[in-house]
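**Q** Residues per chain are reported as follows:
There are 2 protein chains.
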Amino acid sequence: MTDAKRPRLRAVPFTAVEFTDSFWQPRQHAVRQRTVPILFGRCEDVGMVESLAVDTPPPPLRIPIGPWGGTQQMFWDSDLGKWIEAASYTLAVRRDAALEARIDDLASRFAAAQRSDGYLNTYFIRRAPEKRWTNLRDWHELYCAGHLIEGAVAYFAATGKRTLLDAMIRYVDHIAATFGTGTGQKRGYCGHEEIELALVKLYRATGERKYLDLARYFVDERGSQPHYFDLEARRRGDDPASYTFRTYEYSQSHKLVRDQDKVVGHAVRAMYLYSAMADLAAEDDDAKLKHACQLLWADLVGKRLYLTGGLGPSEANEGFTADYDLPNESAYAETCAAVGFVFWAHRMLHIECDGRYADMMERALYNGAASGLSLTGDRFFYDNPLASKGDHHRWEWHDCPCCPPNIARLIASLGGYVCSAGENEAAIHLYASSKMRLSLGGGDVVIHQETNYPWDGVIAIRIDPASPQQFALKLRIPGWCRSWRVTINGAAPAQAQAVERGYLRIDRLWQKGDSVRLELDMPAERIYAHPAVTEDSGRVALMRGPIVYCLEGADHRIPLHRILLPRAAPLSARFEAGLLGGVATVAGEGLAMDPSDWGGALYRPVEPNLVPCPIVAVPYCTWDNRAPGAMAVWLREA
Amino acid sequence: MTDAKRPRLRAVPFTAVEFTDSFWQPRQHAVRQRTVPILFGRCEDVGMVESLAVDTPPPPLRIPIGPWGGTQQMFWDSDLGKWIEAASYTLAVRRDAALEARIDDLASRFAAAQRSDGYLNTYFIRRAPEKRWTNLRDWHELYCAGHLIEGAVAYFAATGKRTLLDAMIRYVDHIAATFGTGTGQKRGYCGHEEIELALVKLYRATGERKYLDLARYFVDERGSQPHYFDLEARRRGDDPASYTFRTYEYSQSHKLVRDQDKVVGHAVRAMYLYSAMADLAAEDDDAKLKHACQLLWADLVGKRLYLTGGLGPSEANEGFTADYDLPNESAYAETCAAVGFVFWAHRMLHIECDGRYADMMERALYNGAASGLSLTGDRFFYDNPLASKGDHHRWEWHDCPCCPPNIARLIASLGGYVCSAGENEAAIHLYASSKMRLSLGGGDVVIHQETNYPWDGVIAIRIDPASPQQFALKLRIPGWCRSWRVTINGAAPAQAQAVERGYLRIDRLWQKGDSVRLELDMPAERIYAHPAVTEDSGRVALMRGPIVYCLEGADHRIPLHRILLPRAAPLSARFEAGLLGGVATVAGEGLAMDPSDWGGALYRPVEPNLVPCPIVAVPYCTWDNRAPGAMAVWLREA
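Chains H and W are the protein sequences, given in the same order. Be aware that the first sequence starts at 15, since it is given in my numbering, and climbs by one per residue. Be aware that the second sequence starts at 15, since it is given in my numbering, and climbs by one per residue.
Keep in mind that the hints are not guaranteed to be accurate.
Which copy? The list can't say, so a pair holds if one copy fits it or any two copies do.
[Claimed, not checked] Within a straight-line C-alpha distance of at most 30 Å, the following computed BS3-like cross-link-like pairs (lysine-lysine) qualify:
1. K449 - K276
2. K317 - K276
3. K276 - K403
4. K304 - K175
5. K403 - K269
6. K526 - K449
7. K200 - K145
Since the hints were made in silico from the structure, they are not lab data. Bear in mind the structure is a predicted one, so any value in this text is a computation, not a measurement.
Start from the sequences and build out the full structure, keeping to the hints where you can.
**A** Structural data, given as structure tokens:
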């Protein structure tokens, strides 16, 4: 039976995995202890909670509220939904009465705000009830619904409490009645994708296929002609041609999604759409949708992705521009986009278990997504450039606070990304010290990982089935890894183990206490960008395992832009327990351009002298956790 | 007698020099035949001429006029003034009745528009008479006056016609009565410098010292406290703190000009101010002002100047940013700023005849200024980047059409920049085939240059005094030149000739037919930028003599950003008579990054392969005169 024919794998519940490692466990701790309570405080500060009182007159829109100085935003429901989701993931691991009381209060407020027909967008109910569903292109109503659905599903899963879930089910029923191809229905869909993947979650939580059908409607209707956004603009009396973003590529609605093969427009929207497409492709075994996902994946990964797994270079559209246009200092690379890319990659793994997807999922996780949250859990990056002159720093709050709860919900539920399992098969995608409880072939199995990954490539795995059990353990051999060894119970396997699509497959009768030791060689390596990436021409980046490195001003007395890395300089890695929560650094003998013999000259016919300059690189995701300063991922090569 | 003690030199009248070369003569021809008539047509098209009918109701400001689609601008008087100036320089060389009829008509219109008290700004007379002199910071009234003065002086010099000159004298008398330190006078000055240097010209044309005094008042008052722009803003009921540009550095009025030592703010304003400062320093022998000029010069040339002589990297303030901030692709480097830099450098030469100033004057002339005008004389650059992906092209017209008449007036009067002369001394700053008539030591002298400069470094000079004449001929040894030879009447000079501050001084009794042959070695050279210039790190530029080179897409099949120039690759120069009006190109064996073995990869641990790639560089100033495409001055060095 070839891999392609085997039954698909499904993600394990995130609650099945308990991290005991030094990378994710402290981050999960920070999310629980700091991020979640802090974000709720900020949501309160800016007036989000008060804004749910839809039957009281709203404050004027122009007057900033609270210590952070913003005004009410149309997408606040989504921020609360995402916060509820992140908080619920922490509750699923450990209940917390005070936190639940807050969410119960929010759930009651949402339920109280809901209109009798099921409509539930607090902004429009309070401020502009007559404008309901009149501008799907710009006004985020279905997007907000999507995040509230995700929050409701997560809270129900964690606590069994149904207030918000029931409200959202009523809302979804209203949405399903409003939108569709039936007579009298609006053939609309949201300018900002999100509800599609949320509806898949609602389907999975309830088993109700109508939610999957609604998701499929939204995905399939997208980009059809005559274009809904044109029609509704004319109904508002607006000229569709005066659209701010000019092209419907902005919302990936420029053509039918099954015909799309270029990643375009707003990056977060794109990732949420592609995630839903992958979900539907898997649920429906939809070959055409799968093919579109594969083409889009190849386009992103081959032409439009930062080394960090960040994406969407441009601030103007918060999204994509042209092939190979990957500027470093001005990179937008929104945290939400990297998080969304992890969502998509994870879903691709459940269409086909191919290490290419896990490689990129891991890349984005450890780099362009993790960078969005400070080690303390209370500072955030919205945009994640790959170079900075020293003027880019984490913030405490943002007028568009989408990223903090996004990275928080990802980290809080990260256990779900470690492994996918089928009837008689478990594929480990991510390595980290952890304890995982699975059900395989009808029996319980506990799988322990012991490793210093990502700082070291040795992974000791112990398999403890409740009783001896035949199943295949698939261990990912990362794409970055060029040599590795495996032993089973201390001995080389009797026969060479095949690597299928990036996974080493070990199918055997597992006994309690069986062990597998995987040694992934993890040298520090130089990485180069395709010649078409103008900004990286003549430059080199450092990676070790899945970790992208950067230089920070904090570690160098010489301005970073004067530092070069010689082609042949040896690189050495060292674990530094006291640095940045414990990281491996990469050191080497660099060179620095010396300005001392330039006198007053700005130009001269003699090259700058080079002087030795030791360099120390730190993981990109940990930058700006110390003294503010410059940062560079791509170094000039000498 | 040391050079410093000798009487200062003065510029020769531009009419004394007739170019017979292949660089400037065709450009002067294009300005006369194409630029001047075309610009008049465009000024008419947009309504500039009609706008002088101040006693008829103006058209609504919001409705674009004519084929170019702009609306009336506050600074249109200045554009007409600059056009009159450029046209007058062509008339000084060859009268043209039709052209004069146009200028006479404009002069009559301006004279008719003038108010009885002498005020003459057609925008405010027609549209907002009550706002006269209420916003010197932003509204360009004195700036417009300055350009009309320059135009009037030039037209009077060319034709002897006084209508416009007399009107401007009346206006200046009104201005002198309005502004100053006397009781009841406004202690104001213009936000956009220009009138200061124009008043020096008016002084020189009329001999009336009061115009010099007014210029000195404007220069000295600038930046004094309490700040005039604050005071007038409050008088208008505006909050000075809400100033768009935030800092008065924008108009170089943040401190007294004598205390300034950093080039800041709007680049054209800065150049016009520094030009006036240099004029006044020379006229008044003002050591403090001269010192300020020298400090500002060192700051610009040492930290803030593009290799091309362009300046002002930022579009946001059309001006300066931080030391060594010299981005290439986004370089603003307005043509007007390079032209203004030539004005300033020329004036510095008349404070002290030092080759440093002539070097930069020549640099800007042949590169960042000349680039502003197409070879055909009918297409223009406003901004002059040092790199382009292929989306930056010359335009036919611009809403702010300041640059075309600015480069036109410079080229039309370029003869004045070739040589400066004193009682018994003539300093040749620029080499070009030409015939020059001077009066030295009371006698007439004709000096012929025969050369292919700037394409070749051999300059044959013939000196024809009307009768034998003792005087010093100073020949500039350019700063770019590292080896040279001179012969006098075919023989090496009897004694080694001293080079004083960049000039070889030959003091002798000159006979008719005497000849000097100067051979300046002019190899193609690699030029490097100071290590602090981030954007040029790892890059090399090509120069040959005064010419900065660039690669253009038109000459290369491989995208320019993939091309590298090896450190050791020989460079060869070749004159190509049929190319771009006849230029020397610089060729070498480059390398190109090869994308063919990358498959679908965007990143990989192996450096890009390099394949041979012949390169041909053309003079920067001639770029975008062929098929539109990419351009690069700074090349990656391999």
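**Q** Hints first: check each against the structure and report whether it holds.
**A** Taking the hints in turn, this is what the structure says about them:
Proximity of K449 and K276 under a CA criterion of 30 Å is satisfied in neither setting, with 39 Å inside one chain copy and 63 Å between copies. In this assembly of identical chains, K317 and K276 lie within 30 Å of each other by CA distance solely inside one copy; the values are 10 Å within and 43 Å between copies. In this assembly of identical chains, K276 and K403 lie within 30 Å of each other by CA distance solely across copies; the values are 22 Å between and 32 Å within a copy. Taking the closest pair of Cα atoms, K304 and K175 never come within 30 Å of each other, the shortest separation being 35 Å inside a single copy and 81 Å across copies.
For the homomeric pair K403 and K269, the shortest alpha-carbon distance between copies (29 Å) is at most 30 Å, but the shortest distance inside one copy (40 Å) is not. Within a single copy, K526 and K449 get their C-alpha atoms as close as 15 Å, which meets the 30 Å cut-off; across copies the closest is 102 Å, which misses it. In this assembly of identical chains, K200 and K145 lie within 30 Å of each other by CA distance solely inside one copy; the values are 15 Å within and 56 Å between copies.
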